[in-house]
Amino acid sequence: MKIALFGTNERQFSKVYTPEVLEKLGSYGELSGKINHKNLKENAEFLKDCEIAFSTWGMPCFTKEEIAKYMPNLKAVFYSAGTVQYFARPFLESGVKIFSAFAANAVPVAEYTFAQITLAAKGYFQSAKSYRLLPLRALAHANSATGNFGCKVGLVGLGAIGKMVAEKLKDLDVEVYACDPFVPEETAKELGVTLVDMETLFSECDVISNHLANKPELKNIFDGKLFKKMKKNATFINTGRGAQVKEFALAMWLLRHPSGTVVADVIKDELCPYICPLFWCRNAILTPHIAGSTGKEPQRMAYYMMEEMERFNSGEDTKYEVTLQSLEKMA
913 MKIALFGTNE
923 RQFSKVYTPE
933 VLEKLGSYGE
943 LSGKINHKNL
953 KENAEFLKDC
963 EIAFSTWGMP
973 CFTKEEIAKY
983 MPNLKAVFYS
993 AGTVQYFARP
1003 FLESGVKIFS
1013 AFAANAVPVA
1023 EYTFAQITLA
1033 AKGYFQSAKS
1043 YRLLPLRALA
1053 HANSATGNFG
1063 CKVGLVGLGA
1073 IGKMVAEKLK
1083 DLDVEVYACD
1093 PFVPEETAKE
1103 LGVTLVDMET
1113 LFSECDVISN
1123 HLANKPELKN
1133 IFDGKLFKKM
1143 KKNATFINTG
1153 RGAQVKEFAL
1163 AMWLLRHPSG
1173 TVVADVIKDE
1183 LCPYICPLFW
1193 CRNAILTPHI
1203 AGSTGKEPQR
1213 MAYYMMEEME
1223 RFNSGEDTKY
1233 EVTLQSLEKM
1243 A
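For the sequence shown, the numbering used here begins at 913 and goes up steadily by one.
Note that these hints are calculated values from the structure, not bench results.
Careful, some of the hints might be misleading.
What the hints assert, rightly or not - With a straight-line Cα cutoff of 25 Å, these simulated SDA-like cross-link-like pairs (lysine to any residue) come out:
hint	residue 1	residue 2
1	1158	1198
2	1180	1136
3	1064	1108
As the list claims (entries may be wrong) - Distance ranges between label pairs, derived from CB positions:
hint	residue 1	residue 2	range
4	1093	1027	23 to 33 Å
5	1237	913	26 to 36 Å
6	978	1241	26 to 36 Å
The beta carbon of each residue, even a glycine, is placed where N, CA and C say it ideally should be.
Full structure from sequences and hints, please.
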């Protein structure tokens, strides 16, 4: 069996496909070098008989014409990363199946979010910032926090990450609310969450966490009207997308409510955080997009996809297929 490797970014590619991972993948068949538009023609001979392809961040975008010409026998692409929105449609419309490691990439984000929710309910963030210079203020903030018993947690979006967070929150004595129009009541009950509208979630919850899909229509969905409904000592956690937040409006809320907190792992311009209004707020915690797979964690995505390939090749039911229909609801 021939296995094509698609990639354009050596640094990102090597994070996922380490020598150990490539050795494991090579045990299934003959591997190509990294293929992209620069060397597509010279790899035409290898690709014409290839049925399986693997990739990750930096997957090149191929047209339907290129797929038909260079990959006539391709059956499946196993994408060892999360979102496939930017490249998947030409493959799907050409009859090539797409599988994504979104569930594997969801694991570290869910773990990170669960940890932040637990700390937020204890008043950790502002207490830690204040303790060196203003220990009494730090203690007062911690004492005013809800704690994890009876804390109301709001999850905006119940996709792969949101569901994992909800499952983890079952270990705490918290009330979990969620806003997601695509989730049926039965699923919500299984997750132990109460479905509410966005306004109710923002007004009722002590800790709010964003897990919305990355879609253009959701840009700036979190605005001043919603922030005004938040409790004065609430915490807003964003591991979703910075573009979904009206940052100036959120900064204004922080200035008016010094006991409120924002924990933002994503902002609109991550390469230049100084221009983000939240950067200058004492009660905002900013991190450089670390919730997702870091360190050795990206390798997990490749192993998920190898297991998925085994199921696909043996005719078993697969777990992580992305269809044109499911693509409309995914990040």
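Hints, one by one, checked against the model:
1. In summary, the hint linking residue 1158 to residue 1198 is supported, as the alpha carbons are separated by about 15 Å, within the 25 Å threshold.
2. Of the pairs offered as hints, the one joining residue 1180 and residue 1136 holds, with about 16 Å between alpha carbons and a cut-off of 25 Å not exceeded.
3. Between the alpha carbons of residue 1064 and residue 1108 the distance comes to roughly 13 Å, so the proposed pair stays at or under 25 Å and holds.
4. The hinted range of 23 to 33 Å is satisfied by residue 1093 and residue 1027, whose Cβ atoms lie roughly 28 Å apart.
5. A C-beta distance of roughly 29 Å is found between residue 1237 and residue 913, which places it inside the suggested range of 26 to 36 Å.
6. The hint said 26 to 36 Å for the Cβ distance between residue 978 and residue 1241, and at roughly 27 Å that hint holds.
Violated hints for the displayed structure: none, as all numbered hints are satisfied.
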